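Engineer: Top line first, the protein sequences correspond to chains D and W. Note that this note's numbering has the first sequence beginning at 1, numbered continuously upward. Note that this note's numbering has the second sequence beginning at 1, numbered continuously upward.
It should be emphasised that the hints constitute simulated quantities derived from the structure, not laboratory data. Mixed in with the good hints, there may be bad ones.
[Claimed, not checked] In the DSBU-like style, the derived pairs of lysine-lysine whose C-alpha atoms are separated by at most 35 Å in a straight line are:
{"#": "1", "chain 1": "D", "residue 1": "24", "chain 2": "D", "residue 2": "36"}
{"#": "2", "chain 1": "D", "residue 1": "24", "chain 2": "D", "residue 2": "71"}
{"#": "3", "chain 1": "D", "residue 1": "44", "chain 2": "W", "residue 2": "57"}
{"#": "4", "chain 1": "W", "residue 1": "57", "chain 2": "D", "residue 2": "40"}
{"#": "5", "chain 1": "W", "residue 1": "57", "chain 2": "D", "residue 2": "24"}
{"#": "6", "chain 1": "D", "residue 1": "41", "chain 2": "W", "residue 2": "37"}
{"#": "7", "chain 1": "D", "residue 1": "44", "chain 2": "W", "residue 2": "37"}
{"#": "8", "chain 1": "D", "residue 1": "44", "chain 2": "D", "residue 2": "79"}
{"#": "9", "chain 1": "W", "residue 1": "57", "chain 2": "D", "residue 2": "41"}
{"#": "10", "chain 1": "D", "residue 1": "40", "chain 2": "W", "residue 2": "37"}
{"#": "11", "chain 1": "W", "residue 1": "57", "chain 2": "D", "residue 2": "71"}
Predicted model, so just to flag it, every value in this text is computed and none were measured.
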Amino acid sequence: ETAVFQTPNYHVTQVGNEVSFNCKQTLGHDTMYWYKQDSKKLLKIMFSYNNKQLIVNETVPRRFSPQSSDKAHLNLRIKSVEPEDSAVYLCASSLGLGASAETLYFGSGTRLTVL
Amino acid sequence: GEQVEQRPPHLSVREGDSAIIICTYTDSATAYFSWYKQEAGAGLQLLMSVLSNVDRKEEQGLTVLLNKKDKRLSLNLTAAHPGDSAVYFCAVSPSSGSWQLIFGSGTQLTVMP
Numbered sequence: 001e002t003a004v005f006q007t008p009n010y011h012v013t014q015v016g017n018e019v020s021f022n023c024k025q026t027l028g029h030d031t032m033y034w035y036k037q038d039s040k041k042l043l044k045i046m047f048s049y050n051n052k053q054l055i056v057n058e059t060v061p062r063r064f065s066p067q068s069s070d071k072a073h074l075n076l077r078i079k080s081v082e083p084e085d086s087a088v089y090l091c092a093s094s095l096g097l098g099a100s101a102e103t104l105y106f107g108s109g110t111r112l113t114v115l
Numbered sequence: 001g002e003q004v005e006q007r008p009p010h011l012s013v014r015e016g017d018s019a020i021i022i023c024t025y026t027d028s029a030t031a032y033f034s035w036y037k038q039e040a041g042a043g044l045q046l047l048m049s050v051l052s053n054v055d056r057k058e059e060q061g062l063t064v065l066l067n068k069k070d071k072r073l074s075l076n077l078t079a080a081h082p083g084d085s086a087v088y089f090c091a092v093s094p095s096s097g098s099w100q101l102i103f104g105s106g107t108q109l110t111v112m113p
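So that you can see chain W by itself, here it is in the shape it has in the complex (with noise of 0.2 Å):
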């Protein structure tokens, strides 16, 4: 089955700065990636998510890179701030029509300011 690996567990930046996280995933017939953010007591909110394809998204800050090639999935946050500090999740949906999300095991992210 699809085996998703994310990296890095945590991530320290400084305000200003960008922070990266990868996703790694197995299955080449995945068709839909997201990004989630779980807040501190909160649950997981979506951030964004894109179909097998579309390579590159950007919205308010963020940019998703899918690389299909490779099975790598990214989230770019340009020029964090400490809002920003939260647990990052990615997910992804094995393959069209299939209803199961499977999702990374999370990123902490601490914005310095």
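Next comes chain D alone, as it looks inside the complex (with noise of 0.2 Å):
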């Protein structure tokens, strides 16, 4: 099976905590992404990766750090939480380099919720 794989499903924890998410696609993809899904459902693009390179670095705070060990994955970490970091974050991947007619590949994404 090919597609999008991100764990935990769920992750609770306290402020000043650190988590990291992982995820791991395996179609082959050069592009990776991290999008922060609000209460709302609005999306934010925080981080992009083509090919282990971070090629977009939206403002987010630094307390977040994408982590990339080779192409097929793109793991998600957080230094000391806060509130408002509760979220839905999706993983998503891409065939080439993030260009304007690209498919976006998702995961089921990490709800987490900060206490």
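Join these two chains into a complex; the hints should help.
Structural biologist: Take a look at the structure:
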């Protein structure tokens, strides 16, 4: 089966803790993304990686950091989580360099709750 | 930069009725338009996409219309059924070669039996 896999599905933690989310794609794609989806379903791009190179880093807080070991993996680490970090984090991939006609393939998301 | 507005935020229809979702955008150079569906607890999945040289595309009960003059993109679900209940997003890419997809704010569609 080829797809985008995210772990964990859910994570509950307390303010100030560190969390790490994993994403793996088996589609052979060159580009991967992290999106944040808030409680109103709004989607915001956080990071994009093309073949292990960061090509976009939107203005997210410095406590967020992407980590990529190879083009099939893009993890997301959050140091010292804040209540406003509660959201669903969606990982996605696309075939090429994120050009205009790319289709994004999404994982099922990781729901983070910060108490 | 490109601005995308999507409406309505919530839409309820009866089974067999049509459901129409509309997005408007601001950049006349927008080259790529797509619609994604997000079912509960899942990620987004591409439904249909069109390039700017296409005015109308139909597939499996879905119709995408692109009005470049009015900068309006619409998705029409004909004969909706309960399985269509989900959140729908439009997504546009500002210009050819641009990496970024800009998503609309989503429409929660509920199809009642």
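Engineer: Taking the hints in turn, state whether each one holds.
Structural biologist: Outcome of the hint check:
1. 24/D / 36/D: holds (17 Å)
2. 24/D / 71/D: holds (9 Å)
3. 44/D / 57/W: Since the Cα atoms of residue 44/D and residue 57/W sit roughly 28 Å apart, the hinted pair holds (cutoff 35 Å).
4. 57/W / 40/D: holds (29 Å)
5. 57/W / 24/D: holds (33 Å)
6. 41/D / 37/W: Given pair residue 41/D, residue 37/W holds - Cα atoms ~12 Å apart, limit 35 Å.
7. 44/D / 37/W: holds (16 Å)
8. 44/D / 79/D: holds (19 Å)
9. 57/W / 41/D: Since the Cα atoms of residue 57/W and residue 41/D sit roughly 27 Å apart, the hinted pair holds (cutoff 35 Å).
10. 40/D / 37/W: Holds - the C-alpha atoms of residue 37/W and residue 40/D are around 15 Å apart, at most 35 Å.
11. 57/W / 71/D: holds (34 Å)
No hint from the list above goes unmet by this structure.
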